[in-house]
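Below are the chains, spelled out letter by letter.
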Amino acid sequence: MVSETLTFLTQILIFPGFIFIIILSFFSEWYVRKLTGKIQNRIGPSYTGVSGILQPIADFIKLLRKEDIVPSTADKLITTIVPILYFSLPLASFSMVPMTNPQALIYFEGDLIFLIFIFTLITSLIFLGGYFSGSIFSIMGSVRAATQLLGYKIPLVFSLLLPAIPASSFSLTEIVEWQQNNLWMIWLQPIGFAVLFTCMLAELEITPFDIPEAETEIVAGWSTEFSGAKLALIRLGKNIQLLLASSLISTLYLGGPEQVWIIPPILILLLKIFLVISLIVFIKNVIARFRIDQVLSGMWKYLIPATIIQFLLIKIMLGV
Amino acid sequence: MSGTVIRLVIGPQHPALKEPERFILELEGEQVVRAIPRIGYVHRGIEKAMESRTYIQNLYLVERVCGICSHAHSICYTQAIEELLEVEVPPRARYIRTIFAELERINSHLLWLGLIAHEVGFDTFFMYIWRDRELIMDILEELSGNRVHYAVNTIGGVRRDLDHDKASKILKRLEIIEERIKRYIPMLEREQTLLKRTLGIGPLSQIDAIKYGAVGPMARASGVKRDVRKDDPYAAYDELSFNIITLDDGDCFSRIMIRAYEILESIEIIRESLSKLPDGEIRVKVKLAVPPSEALSRVEAPRGELIHYARSNGTDKPERYKIRAPTLANLATFSKILVGAYLADVPVILAGIDPCFSCMDRMQIIDLEKNEKNIWTIEDLRRYAREWYQRR
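Here the protein sequences come in this chain order: X and D. Residue numbers are given in this note's numbering: position 51 of the first sequence equals residue 51, and the series is strictly consecutive. Residue numbers are given in this note's numbering: position 162 of the second sequence equals residue 162, and the series is strictly consecutive.
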């Protein structure tokens, strides 16, 4: 009993839990920056560690040591809670994502819905954090984040739930198992994958949907007034969210962790995650930012009908 | 759309602005209902400083009015002083001035193209363009020894000559730039997200462009054929054949395209002037004391028409010097093109006129009610500030 508890705790805290995810998120930030540099014909981080691999950690430590300035008009309690939750919520939800084997650490019927809830909660946090920062830029940013939510949330939820139809389960673990017994979801529902991918860009506030933090318009958007350790946590939270989003895409549509020959499943999953991240970075770098009204009308005009068509298609296919 | 009006202050420090300047935007939701520019943050008293320096010292001061169009300012200055002295500049010097002016135009337009891409969130294009700009900077450094302030003009000619070796180096690099720009133009025309953000944004009709006195690429993008190089040729422009490019739409997209096309045209101008480059002296000796007179000089700077006015009093220092930078002329259009725009479009529109605030800020107070203009001394300014704070 004791050893079982210990194993579980190790899994939660060290591998593939918190510590592993945090290190992985630093690595993914380095990867994103390096790849962005390559695409933009630059070098990217190159001084700290081998070709700059320790740069994200150095940035994190530097931010931790910086002075924490809170505007007098800001709400102290909320601006303290928001960064902590912003980074811990996605970190905690990783325990529901299958990593080392098709079975997640914690799984129950409906953990997919729980994850959707977490994603909505994060956007609410963004709104709260911006709204109570007491800066006009933050308020504009949080209003934009909330407005954007109206556009992408429905297709996002739809496309997250689409894989549950053939697997007839709301559990990530069972969806992964179904894919390994049958075929990858992306072959079955390519439209669903495209919609999920687009909406994840909006959820993560990545170009072309980085409207809530459009630098040239509203400085840093909702996170303008955060500094020091709070900003460090927000940046870490962002990296973890990118990791969470890409691991969700890989588990829901790309088959998740599977044993190929003698390669352990975790490596296969990491390969898929970084493939998704590469695609995200590529899109981020080759297009410009949309305007908020263009996002809203585009989402409702194209993405929601697309998900409905995908839903009907899958129903017809399964019915036959 | 109706609701409460939010007053959003852009600047003096803001990522969208590369220089300190302030704009108060009144927003209804995301839409701008009123825009109030507030200028004067980079006022450095250059005009006054020029009155206490000799004409030779002023050469270096006038270049520092602006970091990007330093050559345009110094051409304008030397032309004014040469007119006062009634000196004829040797033809070779006029051609060298033209080559520098066009290189500077390419440099400035490339810089701007990168910035506008950054404003719409297209950072990759920004990086590419600024990489290509380095080629121009390298040329300028090889020709003059400096990347920014070339210090190549002097009263009565130019200070540095061009040889065959340097000319061939220019031509080689220009070929690369031309090839890249030709590749970027279809890219700009086809990139959907960029089109969505610039097409039809901040429109300025031809009538309004004339009414508000727009100059330079801003006016030409609205279909106004206005270019000092043709209207009032200076340097060697009267001996060169080139076209003035105009586009009709007057939106941000035309402002992007006009600059891309002008880069290609500038490359042609440089090639032509290098092939026509006459032999001979590059400068004539001039007297240090300037006879009392007045002169007005006009130059087509990269951003538009630049006007310098000089009045001499027989000493080696100017009695009065006045600079009218193109940004000041284009600033008036803001009150027209910003209204009705979305907040997301504001940086694109602001950047669209290619503002150069350090050129512009001369601290001229125009009282609209009494319709009088006066230059304030620091004492006036202090008094005004005291009164203003008492009123609050």
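Since the hints were made in silico from the structure, they are not lab data. Since the model is a prediction, treat every value here as computed from it, not as a measurement. Glycine residues also receive a C-beta, built at the ideal position from the N, C-alpha and C atoms. Treat the hints with care, since some could be wrong.
Stated by the list, open to error - If you anchor each label on the Cβ, the simulated ranges turn out as follows:
no.: 1; chain 1: X; residue 1: N181; chain 2: D; residue 2: L195; range: 42 to 52 Å
no.: 2; chain 1: D; residue 1: P20; chain 2: X; residue 2: I84; range: 29 to 39 Å
no.: 3; chain 1: X; residue 1: G228; chain 2: D; residue 2: R147; range: 29 to 39 Å
no.: 4; chain 1: X; residue 1: G134; chain 2: D; residue 2: R34; range: 50 to 60 Å
no.: 5; chain 1: X; residue 1: I309; chain 2: D; residue 2: G213; range: 32 to 42 Å
Stated by the list, open to error - Heads up, simulated BS3-like pairs for lysine-lysine below, C-alpha to C-alpha not over 30 Å straight-line:
no.: 6; chain 1: X; residue 1: K38; chain 2: D; residue 2: K182
no.: 7; chain 1: D; residue 1: K225; chain 2: D; residue 2: K322
no.: 8; chain 1: D; residue 1: K166; chain 2: D; residue 2: K285
no.: 9; chain 1: D; residue 1: K172; chain 2: X; residue 2: K38
no.: 10; chain 1: X; residue 1: K301; chain 2: D; residue 2: K166
Legend entry - Earlier hints that do not hold, by number: Of the numbered hints, 4, 5 and 10 do not hold.
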